[in-house]
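What follows is the residue order along each chain.
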Amino acid sequence: MSDNGPVQVRCPVLNVRRVDAYYAITVVAPGIAERFRSGQFVSVSVGGDHSSTLLRRPFAIHDVKPDYGGTVEFLFSVRGTGTAWLAERRSRDLLDVVGPLGRPFPLPRDPVNCVLVGGGSGSAPLFPLAQSLRRRGCRVDFVLGAASADRVFSAITARRVAETAVFTTDDGSFGTRGRVTDVLGRVIEEARSDVVYACGPMPMLRAVTAVAGTHGIPVQVSVEETMACGTGICMTCVVPVVGDDGITRMVRSCVDGPVFRGEQVRFDDVGSIPFDALGAPGWKGSSAARAAESARDIA
Amino acid sequence: MNADLRTRLGGLDLPNPVVTAAGCAGAGRELAQFFDVAQIGAVTTKSVMLEPHAGRPAPRMAETPSGMLSTTGMQGPGVDVFLQRDLPWLLSRGGRAIVSIAGAGVGEFGELARRVSDAEGVSAIEVNLSCANHADPAGRYFADDPAQAAAVVQTVRSHARSDLPVLAKLSADVPDVVDLAGACVAARADGLTMINTVRGMAVDSRTLRPAVAGGMGGLSGPALRPIAVGCVYRVHEALPDVPIIGVGGVRTGADVIEFMAAGASAVAVGTVNFSDPSACARVLREFTEALDARGIARARDLVGAAHRPGTGV
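One line per chain: the protein sequences are A and B, in this order. Here the UniProt record's numbering is used: the first residue of the first sequence is 1, the next is one more, and so on. Here the UniProt record's numbering is used: the first residue of the second sequence is 1, the next is one more, and so on.
It should be emphasised that the hints constitute simulated quantities derived from the structure, not laboratory data. Please read all numbers here as calculations on a predicted model, not as lab measurements. Please note: incorrect hints may appear among the correct ones.
Stated by the list, open to error - A few chain A residues facing chain B, derived, Cβ under 10 Å:
id	residue
1	Val7
2	Ser43
3	Leu54
4	Arg56
5	Thr226
6	Val270
7	Pro274
In this text, a Cβ means the ideal position worked out from N, Cα and C, and glycines have one as well.
All chains should be modelled from the sequences, with the hints used to inform the complete structure.
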């Protein structure tokens, strides 16, 4: 219904392939490819039109290409019946895809030094981001971590597109043994980084935000929260986020995110309703808070 | 041939019987990215409360076979923001608004009814008596007790503008839905919406913990449809003149026919909006095609057809 909003399309599958411990699926979706900006995601129906598996699966977009009329690629691991069904798709099968969804990563106006930090399959959306940043003349450094060597996604590509690429694994099977945050401070100093972009599990985003804070640089995080609709109506994917007005709101990670400024996400309160959040039990909002809420537009 | 799709809910005339279910479409703004909200019968807005509510903690959702379990806890900005921001948007797009209200007590329902009545352009008020997401500390809802439900409906009716239809949204989690329906109609509900989510639980087999925060959630989706159709059928049989919006697991145009034959005058699309944001427009198209294919000239002739064996349509 609009030129830049999401669209729902039945997309032919171009191919499904294994990449490290993951699957990558490429679909032909010109409308989504041309609207896409780094950090956005798609939601995909699984199991067919009359499946008992009702809810869509959200996946960060890993790549878009103009060839074959506009293709979109996303990454997934087989975790349940829905993703197992996706892994069995073959070329020319049709997939019902909605996208692009969510707010993208904000890009710096000027050429600055950027560190991109990813955990496991959370690294996927960082690759189109790296390309966008490089096109703007930014320096890009990668820090990628995972449980084991086979779950570090696309190390070769990271080495190719970035100035430097550092890898960590929990078991030490690849790169440095440990967490991404064990090496992040050193990378920030050596690369003289101005900004951090991070994508992965909540505990990792929380730790990365803390490291960026100690170096006094901003961090953009893409959160992972369970969602049912991806379009902003079901209200299930909320996270506590402090607005520029200082008011904490339970905001939807699908349409108000998934990208937020790290220091605005109340990581310690994820999974709870902070006592001072707008509308929390016992909340007594000021008239200023109420006015701010009325004036605030929604996506 | 193009069937006449018009339907009537008490004093409310709708161009067609496909509406959205409360809590499954926001106030229409997000779904409007995928279809024209003026095209469907009405948008039933997410239940609005008097004050802003932050809702329940995450995780708020778990997928279940042909359904989902949810516990959002009625998160919303409160009636002031709704009336200033969301309702005008919906009306500006030509949408018809059935405004769902949820009070924490009987008095709040009255205040909400008055405030919503004062706003221009509202088509009807739906009284949420039974949201599984918002209960008293003991886990009871207004709908659990027909007398309590009737007290709420009576309060809403007395505070609402007299020409504004009041619809009572019923739960299936009661000993006898016909008793509950009768009590609400006696309290001057103009129509009934049934059913709401059904209380349920899922336990994560890995963590051995309830899958949604707080344990219990509201089950929705196609898994509910036979329960909802059964409730609509029984209540239409007992109260054939009372208009009903059928809700519960509507996924296709054929499901609309099923609900209408059981006795519904309109049918709400709920959880399926989450999985298919174009669902309302698709269901309306499929319903229209099904009527034409069967040579049914008027949608309203379907209402209660299942109660008239042999007559067919």
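A quick look at each hint next to the structure:
1. With 10 Å as the threshold, the beta carbon of Val7 (chain A) comes within range of chain B, its nearest partner Cβ sitting at about 8 Å, so the hint holds.
2. Interface hint status for Ser43 (chain A): upheld, as the beta-carbon distance to the closest one in chain B is roughly 9 Å, under 10 Å.
3. Residue-level restraint check for Leu54 (chain A) holds (minimum Cβ-Cβ distance to chain B is 5 Å; threshold 10 Å).
4. Satisfaction of the interface hint for Arg56 (chain A) is found here, the shortest Cβ-Cβ separation to chain B being roughly 6 Å, below the 10 Å cut-off.
5. Residue-level restraint check for Thr226 (chain A) holds (minimum Cβ-Cβ distance to chain B is 6 Å; threshold 10 Å).
6. Checking Val270 (chain A) against chain B: minimum C-beta separation of about 7 Å stays under 10 Å; hint holds.
7. Using the Cβ-Cβ criterion of 10 Å, the hint placing Pro274 (chain A) at the interface with chain B is satisfied: the shortest such distance is roughly 8 Å.
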